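Asker: Each chain, letter by letter, is given below.
Protein chains: 2
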Amino acid sequence: MIQDYKRKDDKLDKNARKVEIRHLREKLVNQQQTIREPKLPVIVLVEGWDCAGKGNLINELICEMDPRFYSVKNFDRVSESNERYPFLKKFFDVLPENGKFLFMDTGWMEDVVGKYLRREISKEEYERRVESCSIMERQLRDNGYVLVKLFLHISRKEQLQRITALREDRDTQWRVSYDDLWQQQEYDRFLKTYDAFMEATGKTSPWFVLDGESRKKALYDALLAITGTVEKAIENGRYVGKATGKKFPLLGGPSQKDADLTATIDPEEYKKELKKLQKKLRDLHNQIYRKKIPVVICYEGWDAAGKGGNIRRLAYPLDPRGFDVIPIASPTPGELARHFLWRFWTKLPRSGHVAIFDRTWYGRVMVERIEGFCSEDDWQRAYGEINEFEKELTDWGTVVLKFWIHIDPDTQLERFEARQNTPEKQWKITDEDWRNREKWPQYEQAVEDMLQKTSTEYAPWYIIESVDKKYARIRTLQIVTDALEKAVEENVVRGIKSQWPKKKEKK
Amino acid sequence: MIQDYKRKDDKLDKNARKVEIRHLREKLVNQQQTIREPKLPVIVLVEGWDCAGKGNLINELICEMDPRFYSVKNFDRVSESNERYPFLKKFFDVLPENGKFLFMDTGWMEDVVGKYLRREISKEEYERRVESCSIMERQLRDNGYVLVKLFLHISRKEQLQRITALREDRDTQWRVSYDDLWQQQEYDRFLKTYDAFMEATGKTSPWFVLDGESRKKALYDALLAITGTVEKAIENGRYVGKATGKKFPLLGGPSQKDADLTATIDPEEYKKELKKLQKKLRDLHNQIYRKKIPVVICYEGWDAAGKGGNIRRLAYPLDPRGFDVIPIASPTPGELARHFLWRFWTKLPRSGHVAIFDRTWYGRVMVERIEGFCSEDDWQRAYGEINEFEKELTDWGTVVLKFWIHIDPDTQLERFEARQNTPEKQWKITDEDWRNREKWPQYEQAVEDMLQKTSTEYAPWYIIESVDKKYARIRTLQIVTDALEKAVEENVVRGIKSQWPKKKEKK
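The listed protein sequences derive, respectively, from chains A and B.
Positions in the first sequence are counted from 1; adding 22 to them yields my numbering.
Positions in the second sequence are counted from 1; adding 22 to them yields my numbering.
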């Protein structure tokens with residue numbers, strides 16, 4: 023693709039191009055306003071060669087724009103051994119709000135290709151990440167994002183000239199990094215890999231290759247690509263994707279029908295087990311910290327099922343420096359104006375840390391589905407998007423555990439009434455709880471669908487019977503300690519499942 | 023203070039203390055609810071010796087609490103040479119919302135004392151930072167925060183025993199860091215310095231020294247200190263501080279009266295100057311990036327004065343990787359629920375970067391004052407708080423420039439009407455603009471007060487006459503380039519004004 027790039031359409035003379043650029047810039051400035059009403063978020067990804075002039079191009083693009091409605095992000099190169107999160111997190115973190123522009127000074131192409139060619143990740147992991155990028159791009163499109171991908175191209179010779187010029191001037195020589203020199207030397211390998219990356223990620227949104235050897239031409243083509251894509255998006259209105267029908271390694275259950283709510287534990291036995299399991303968990307927390315394994319524990323369940331008390335017993339033995347309990351309430355305006363997983367991506371645990379989510383991204387297929395806070399397409403599509411999200415986490419070595427804290431309607435009624443009648447507990451019960459209770463059958467169906475469609479081999483659901491809360495606490499502690507023990511035993515280093523083949527023994 | 027600490031009140035036997043702890047924990051859990059209504063934010067700062075059991079203490083404090091209403095933060099040790107922001111930023115960043123608890127696993131004491139004893143900062147800078155901590159504590163109190171400061175004390179001998187025990191066990195030896203060993207060796211110097219720090223920062227809120235050699239006793243005393251302080255705060259209601267009357271190095275102006283609104287520039291001259299100054303700014307941006315000087319540029323001004331266009335001309339020559347334009351709108355609920363400077367602290371530029379604020383913290387003494395969004399005490403106090411904030415920035419080597427973009431009411435009317443009559447510009451004019459216009463005299467007074475009370479030697483105000491917008495653009499560019507040139511010439515390294523005395527020449 024890049025090789026095929028030829029300077030085409032070079033008929034415009036210098037003055038005509040100047041006029042055109044002025045018009046297109048005006049158009050872009052106006053589009054800042056026209057994308058607000060249809061709530062379109064626009065991401066302009068600028069990739070390309072070192073010294074191709076990416077920063078300058080972005081500057082020329084934004085110079086007339088209103089800073090209230092765009093932002094620019096660039097990403098420092100971080101070596102794989104210093105990464106503390108799944109590689110996609112940094113890109114999700116900066117997603118723009120609806121109605122705003124984001125310009126990215128390099129992004130997932132540079133990150134993935136660079137790490138691969140620097141031998142920081144294996145070929146296998148490289149290919150996995152390319153696939154992850156495609157998935158992200160599709161998810162963004164399906165959730166209404168407009169993506170414009172630009173690649174600023176210069177030849178090997180031109181790059182060498184620019185590097186040489188920078189190095190000859192004492193004021194600019196510091197700008198040439200080891201990485202630039204290395205890319206110059208490895209130009210052909212980069213070319214081949216950039217090409218393959220474009221090929222693999224060109225499906226949901228096309229790449230535009232720009233001629234970096236002519237500033238004005240590149241600017242003109244970039245403006246054409248951006249304003250053209252945005253114009254089309256405004257005409258078509260915000261895109262809402264359908265479920266993809268993609269297959270996941272589903273476990274096909276558990277089902278609420280199989281839960282044995284009479285399960286109970288003897289109070290003496292409980293005390294003993296609790297102490298034993300908490301001690302075990304404390305030790306395991308130390309080990310996952312040292313091995314840098316990230317852990318995500320998800321709590322969902324009926325109101326008054328006992329989530330809070332369950333979480334506290336789990337958190338008690340953990341070192342507060344190594345975990346967070348993350349309570350999830352209804353989304354803020356800023357969260358509503360972004361991809362529904364954004365507020366979870368931004369709260370993921372660092373490698374070696376534990377994040378306990380008190381309610382989760384499953385709100386999408388429960389309360390949002392039932393209350394109509396999103397369209398049917400949105401929640402139908404969400405099962406697959408969630409499976410992909412959790413796959414990304416577990417592929418990076420995260421332990422993901424999901425608990426449905428389960429009770430029956432009678433038990434809930436008892437507990438609601440008890441809360442109502444105890445002054446210190448009244449704040450715990452609201453009108454909303456009573457309203458939700460009336461929708462028990464709808465929720466029951468939504469829970470069943472969720473358990474069927476998102477219990478995967480890599481991130482299974484567990485139904486935790488919680489009519490006896492003590493029993494429930496021991497169950498979750500058991501499942502967590504078992505899972506962590508297994509993770510510690512496996513040869514996992516810093517979150518990435520050991521990806522390099524073991525050295526062959528010398529004969 | 024620490025030396026004076028004796029185990030007192032040790033009359034409770036083991037069982038009685040157990041019962042008391044249970045009661046106090048219940049009280050703390052209830053206080054999570056009772057602080058919500060009076061909107062009290064509570065910060066529990068846990069400082070103390072390495073290996074004193076700070077993490078464990080926090081864990082025991084939070085174990086019954088509801089994770090929706092508290093958070094725990096700890097701070098990794100970052101050496102001074104790796105700090106990218108003024109040292110207080112990290113503490114402001116994590117401020118809790120109204121009605122919530124924050125537990126800090128070490129904070130400003132450890133940061134300041136540690137860096138001083140490790141010789142990362144000079145004695146002079148150390149003393150300045152101690153003063154800054156006092157100021158922060160007073161500001162927090164005045165803005166309604168409840169602060170409980172705990173120090174977990176163990177003797178030198180006890181620390182040695184704990185370190186030795188950890189090192190003897192293969193599973194725990196990794197937990198002993200070089201820093202721990204070094205503190206053990208330097209115990210006496212730490213003791214003296216901790217003591218001095220407590221002495222200096224004990225005025226607005228007292229320190230509680232806890233006996234780290236007895237877990238239960240420390241827990242009991244911590245619970246007493248926290249619940250007691252919170253109880254008193256609930257009784258007294260949210261505290262609102264008065265202006266302190268502290269003196270600042272004020273310049274006593276400029277005044278709007280002295281502005282010459284007929285100032286103008288010839289269009290040809292403008293083009294030439296613009297080009298020249300933008301080129302100069304581009305070069306300077308490179309240099310401040312290399313010298314790691316942070317820059318904060320503040321824009322305030324009348325509606326339609328031409329802020330946006332002015333900012334764009336300033337931003338145009340800057341490398342997008344090294345600057346941000348930060349538009350300030352009305353605060354979000356999360357911002358309203360915190361110290362009014364919080365949303366600015368969190369947006370400060372990294373060392374070597376430029377932040378251009380399109381409207382600023384001066385909203386406190388302008389729109390919030392005039393619209394009654396805060397109390398009179400709040401905005402009267404804010405002048406001093408803002409001067410302190412800007413002092414903290416400039417002491418760290420930040421260049422702070424403040425522009426009041428000035429026009430007269432007739433010019434504003436003309437521009438409002440032009441916007442109204444130009445379809446593409448109509449979005450720029452709202453009913454609010456017209457309403458604000460009616461309050462011109464009140465705003466004029468507020469602007470005058472602001473210019474008088476916050477134009478300091480270290481962070482001066484400039485009135486930019488902007489009836490001729492071109493003239494205004496050249497003026498700001500001139501001021502910015504002059505200031506940056508001066509900053510580059512001074513021997514400033516990484517944001518801290520060179521704090522170590524120069525080596526004496528050998529004779």
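In short, the hints are calculated from the structure, not lab data.
A portion of the hints provided could be inaccurate.
A pair holds if it fits inside one copy or across any two, identical chains being indistinguishable in the list.
To be verified - Listed next, the in silico DSSO-like pairs over lysine-lysine satisfying Cα-Cα at most 30 Å (straight line):
1. LYS268 to LYS279
2. LYS447 to LYS61
3. LYS264 to LYS137
4. LYS268 to LYS450
5. LYS145 to LYS179
6. LYS450 to LYS61
7. LYS461 to LYS95
Remember, it's a predicted structure, so these values are computed and weren't measured experimentally.
Asker: State for each hint whether it applies.
Answerer: Hint-by-hint comparison with the structure:
For a Cα distance limit of 30 Å, the shortest separation of LYS268 from LYS279 inside one copy, 27 Å, qualifies, whereas the shortest one across copies, 70 Å, does not. Taking the shortest Cα distances, LYS447 and LYS61 sit within 30 Å of each other only across copies (19 Å), while inside one copy they are farther apart (42 Å). For a Cα distance limit of 30 Å, the shortest separation of LYS264 from LYS137 qualifies neither inside one copy, at 33 Å, nor across copies, at 56 Å. Taking CA atoms no more than 30 Å apart as the test, LYS268 paired with LYS450 passes in neither setting, with 41 Å inside one copy and 46 Å between copies.
Taking the shortest Cα distances, LYS145 and LYS179 sit within 30 Å of each other inside one copy (28 Å), while across copies they are farther apart (54 Å). Within a single copy, LYS450 and LYS61 get their C-alpha atoms only as close as 36 Å, which misses the 30 Å cut-off; across copies the closest is 18 Å, which meets it. Proximity of LYS461 and LYS95 under a CA criterion of 30 Å is satisfied in neither setting, with 44 Å inside one chain copy and 38 Å between copies.
In this structure, the hints that do not hold are numbers 3, 4 and 7, in rising order.
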